[in-house]
Amino acid sequence: MKTAEYLAMVRKKSGLSDYKIAKKYNINQSNLSKYSSGKAALSESHSWLFANILDINPAEVVANTKYEQAILSRNEVKAKFWQEQLNYVFSSELPLKIQISQFNPVVGDLSANTDKIIDFAIEAVNTSSNLVVLPEMALTGYPPEDLLLRDGFMDEVEFQINRLCSEIPATISVLFGAPSQDKHILFNSAYLLQNNKISQIYNKQELPNYGVFDEKRYFKSGSDLCVFECQNKKIGVLICEDQWIEKPISDLCKFDIDMVISINASPFQQGKSQERLDLCKKYASKFSVEYVYVNLVGGQDEIVFDGGSFVLDSQGEIVQQLPTFKEYSCHHNGSNLFNETHSVEKSIYSALVLATRDYVYKNNFERVVIGLSGGIDSALTLSIAVDAIGSENVQAVMMPYKFTSSISLEDSELQANTQGVKYSVIDIEEMVTAFNVSLNELFFGTTKDTTEENIQARIRGILLMAISNKHHKMVLSTGNKSEMSVGYATLYGDMCGGFAPLKDISKTMVYRLAKYRNTLSMVIPERVISRPPSAELSPNQVDQDSLPPYDVLDDILMRFVEMKQSVSSIIKSGHDADIVNKVTRMVLRNEYKRRQSAPGPKISSNAFGKERRYPITSRFQP
Numbered sequence: 003m004k005t006a007e008y009l010a011m012v013r014k015k016s017g018l019s020d021y022k023i024a025k026k027y028n029i030n031q032s033n034l035s036k037y038s039s040g041k042a043a044l045s046e047s048h049s050w051l052f053a054n055i056l057d058i059n060p061a062e063v064v065a066n067t068k069y070e071q072a073i074l075s076r077n078e079v080k081a082k083f084w085q086e087q088l089n090y091v092f093s094s095e096l097p098l099k100i101q102i103s104q105f106n107p108v109v110g111d112l113s114a115n116t117d118k119i120i121d122f123a124i125e126a127v128n129t130s131s132n133l134v135v136l137p138e139m140a141l142t143g144y145p146p147e148d149l150l151l152r153d154g155f156m157d158e159v160e161f162q163i164n165r166l167c168s169e170i171p172a173t174i175s176v177l178f179g180a181p182s183q184d185k186h187i188l189f190n191s192a193y194l195l196q197n198n199k200i201s202q203i204y205n206k207q208e209l210p211n212y213g214v215f216d217e218k219r220y221f222k223s224g225s226d227l228c229v230f231e232c233q234n235k236k237i238g239v240l241i242c243e244d245q246w247i248e249k250p251i252s253d254l255c256k257f258d259i260d261m262v263i264s265i266n267a268s269p270f271q272q273g274k275s276q277e278r279l280d281l282c283k284k285y286a287s288k289f290s291v292e293y294v295y296v297n298l299v300g301g302q303d304e305i306v307f308d309g310g311s312f313v314l315d316s317q318g319e320i321v322q323q324l325p326t327f328k329e330y331s332c333h334h335n336g337s338n339l340f341n342e343t344h345s346v347e348k349s350i351y352s353a354l355v356l357a358t359r360d361y362v363y364k365n366n367f368e369r370v371v372i373g374l375s376g377g378i379d380s381a382l383t384l385s386i387a388v389d390a391i392g393s394e395n396v397q398a399v400m401m402p403y404k405f406t407s408s409i410s411l412e413d414s415e416l417q418a419n420t421q422g423v424k425y426s427v428i429d430i431e432e433m434v435t436a437f438n439v440s441l442n443e444l445f446f447g448t449t450k451d452t453t454e455e456n457i458q459a460r461i462r463g464i465l466l467m468a469i470s471n472k473h474h475k476m477v478l479s480t481g482n483k484s485e486m487s488v489g490y491a492t493l494y495g496d497m498c499g500g501f502a503p504l505k506d507i508s509k510t511m512v513y514r515l516a517k518y519r520n521t522l523s524m525v526i527p528e529r530v531i532s533r534p535p536s537a538e539l540s541p542n543q544v545d546q547d548s549l550p551p552y553d554v555l556d557d558i559l560m561r562f563v564e565m566k567q568s569v570s571s572i573i574k575s576g577h578d579a580d581i582v583n584k585v586t587r588m589v590l591r592n593e594y595k596r597r598q599s600a601p602g603p604k605i606s607s608n609a610f611g612k613e614r615r616y617p618i619t620s621r622f623q624p
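Numbering-wise (the numbering used here), the sequence shown opens with residue 3 and increments by one.
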């Protein structure tokens, strides 16, 4: 560690400027300037002083200082000697202390991600940790997808790894995920940095190629194991999918390891966190090893990572648990930090909030606009948006037509006021009339149908996109999975938007989430939850005019979309044959709509988007 880094730590801990540090501790200002610029190493007396201020081992600071002096004077003999003394200071006599850094990177922002990794490493030095562990693909974000195939991308990866080698203090070891390359062959890798150099590179053995994962498109499987020592602990390394197949950990344990460290980019999915924990508990107890599980956190397009990193002892008992849905860093000290108990609703709601926040901010927006209808979907979307980015950054727009009920107007205004968002009303009656007049000649001799209803929805979409363009506010669309499944949504109308928070949320779950959110604070009017849902595009319209009851619909959709059951199997489960045939036909013929919808966070086991890839043109009848 260099003098300038120690000085930065003193600034941070004391909250003092260089001038005030010089005055308080009687340090010549000229010397302090040289320390800050890296032109001089700490004097021995100042080494002891800084060690005292920072409450760290003086031997460490003195040895680092002497080593830095030798480097500055180009005295190789002294540099070698003091390097050996540093190694002794951080020898196996000290217990292993691991800092777990649950990281929220931005895909492709390699420089900023590197800066953050360096910050984590310096933080670890401050807590006297020996080893920092970060998740899979921490350097690039996950998944980088076809960025991996771009000219210059891997060159930038190499450049940033060299930065890490030079800028991370030599006293700390760092394990993190990043792609590696060998003769133009790419690997999903874990890098171990020790003493300012790459000590080992481990290449992921098991490459997932299902659901949202497409790793075989980019990477080749590794074959070698990774075992290293740190503070007299023998540690084996796994990367995410490696732990879902028993062979990699079984092979590691043949080397009589003490600990397994698994770095992960494991997306949130309902029920997945318990599945991960149970699997790792099984391995820890079966092989009698400590188990450190470190996961990414944050939203990335359709995926949201939930964090929830943990440490298990060799009996499989939890000794440390990090929070979910939050970037967090701490050192492992053998005590529970968090003991979260999440209901299904709490977990899903937290995932939607995080996914929305990161999608908005990571795509360089600061504000959003939502079409508020007075219905349950837009009400829940508004609450998610406010919880994600703050009420001051959210605008709600009510766009009534003659079919809009007074209840919808009242409830929309009430929710907007309760949540403190900017609220606007734009009456669209004249616009609808103008469209209909313009289409009179072309529509002559036809009867009114959903075409005229869709004009209303499309006008609302135009208005929201205009506000978005003018004020740089991302439009959040409000459709849910039940509607998207059967096409009960208007293309280029209510489907307009940059992000769809409820895209993978069934209608029945929408109601559960609304009720859950109201347990935190009453923000969604009870009448919005209790009254029958309606698009309000025609007189006295309710959703059940066109669709089966949502509890029936959602069960059919779960079986057909997520469980991939055949039509005959769904009928055998007790559903009416006519309803099943109608619903499944609607699902199949509306693929073209879904393909043009905004992305939304994956919550279920089979979300629309990159996970569920069905042809638009198809005549297969399942």
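It is worth saying that the hints were derived from the structure and are not from the lab. Be aware that one or more of the hints could be misleading.
Said to hold, decoys possible - Restricting the straight-line Cα-Cα distance to at most 30 Å, the calculated cross-link-like pairs of lysine-lysine (DSS-like) are:
no., residue 1, residue 2
1, Lys274, Lys80
2, Lys235, Lys256
3, Lys4, Lys15
4, Lys584, Lys348
5, Lys36, Lys4
6, Lys595, Lys584
7, Lys99, Lys199
8, Lys328, Lys14
9, Lys36, Lys80
10, Lys80, Lys218
11, Lys185, Lys222
12, Lys249, Lys222
13, Lys364, Lys284
14, Lys517, Lys424
15, Lys517, Lys348
16, Lys185, Lys82
17, Lys364, Lys274
18, Lys15, Lys328
19, Lys185, Lys348
20, Lys595, Lys364
21, Lys99, Lys14
Unchecked claim - Cβ-Cβ distance ranges computed for the label pairs, FRET-style:
no., residue 1, residue 2, range
22, Asp226, Asn520, 29 to 37 Å
23, Met524, Ser316, 18 to 26 Å
24, Glu7, Tyr363, 39 to 47 Å
25, Met524, Asn583, 35 to 43 Å
26, Ile247, Ser532, 43 to 51 Å
Where is the CB? At the ideal position from N, CA and C, for every residue including glycine.
Each hint tested on the structure:
1. At most 30 Å may separate the alpha-carbon atoms for a hinted pair to count; Lys274 and Lys80 exceed this at roughly 54 Å.
2. For the proposed pair Lys235 and Lys256, the alpha carbon gap of about 15 Å is at most 30 Å, so the pair holds.
3. For the suggested pair Lys4 and Lys15, the alpha carbons sit about 17 Å apart, so the restraint of at most 30 Å is met.
4. Straight-line distance between C-alpha atoms of Lys584 and Lys348 comes to about 33 Å, which puts the hinted pair past the 30 Å bound.
5. Pair hint Lys36 plus Lys4 holds up; C-alpha atoms about 12 Å apart against a cutoff of 30 Å.
6. Between Lys595 and Lys584 the CA atoms are separated by roughly 17 Å; this keeps the pair inside 30 Å, and the hint holds.
7. Pair hint Lys99 plus Lys199 holds up; C-alpha atoms about 20 Å apart against a cutoff of 30 Å.
8. With a C-alpha separation of about 24 Å, the suggested pairing of Lys328 with Lys14 holds against the 30 Å cut-off.
9. Distance restraint check for Lys36 and Lys80: the Cα-Cα separation of roughly 21 Å lies within the 30 Å cut-off, and the hinted pair is therefore satisfied.
10. Using a Cα cut-off of 30 Å, the hinted pair Lys80 and Lys218 is violated, with the two alpha carbons roughly 49 Å apart.
11. As the CA atoms of Lys185 and Lys222 are separated by approximately 12 Å, the hinted pair is consistent with the 30 Å bound.
12. Between Lys249 and Lys222 the alpha-carbon distance is near 18 Å, which keeps this suggested pair within the 30 Å criterion.
13. A threshold of 30 Å between alpha carbons decides the hint, and for Lys364 with Lys284 the separation of about 37 Å lies outside it, so the pair is violated.
14. For a cut-off of 30 Å, the pair hint linking Lys517 to Lys424 stands: about 24 Å separates their Cα positions.
15. Taking the CA atoms of Lys517 and Lys348, the gap is about 11 Å. The hint holds against a cut of 30 Å.
16. Restraint check: the Cα-Cα separation between Lys185 and Lys82 comes to about 34 Å, which exceeds 30 Å; the hinted pair is violated.
17. For the hint pairing Lys364 with Lys274, the CA-to-CA distance comes to about 25 Å; that is within 30 Å, so the pair holds.
18. Between Lys15 and Lys328, the direct Cα distance comes to roughly 24 Å. Compliance with the 30 Å bound is thereby established for this hinted pair.
19. Annotation: proposed proximity of Lys185 to Lys348 is violated, straight-line Cα distance about 47 Å (limit 30 Å).
20. The suggested pairing of Lys595 with Lys364 holds, with an alpha-carbon distance near 26 Å, which does not exceed 30 Å.
21. For the suggested pair Lys99 and Lys14, the alpha carbons sit about 22 Å apart, so the restraint of at most 30 Å is met.
22. For the hinted restraint 29 to 37 Å between Asp226 and Asn520, the CB-CB distance of approximately 54 Å leaves it violated.
23. The hint said 18 to 26 Å for the Cβ distance between Met524 and Ser316, and at roughly 47 Å that hint is violated.
24. A hinted range of 39 to 47 Å for the beta carbons of Glu7 and Tyr363 is inconsistent with their spacing of about 30 Å.
25. Between Met524 and Asn583 the beta carbon distance is about 42 Å. The supplied range of 35 to 43 Å therefore holds.
26. A hinted range of 43 to 51 Å for the beta carbons of Ile247 and Ser532 is consistent with their spacing of about 49 Å.
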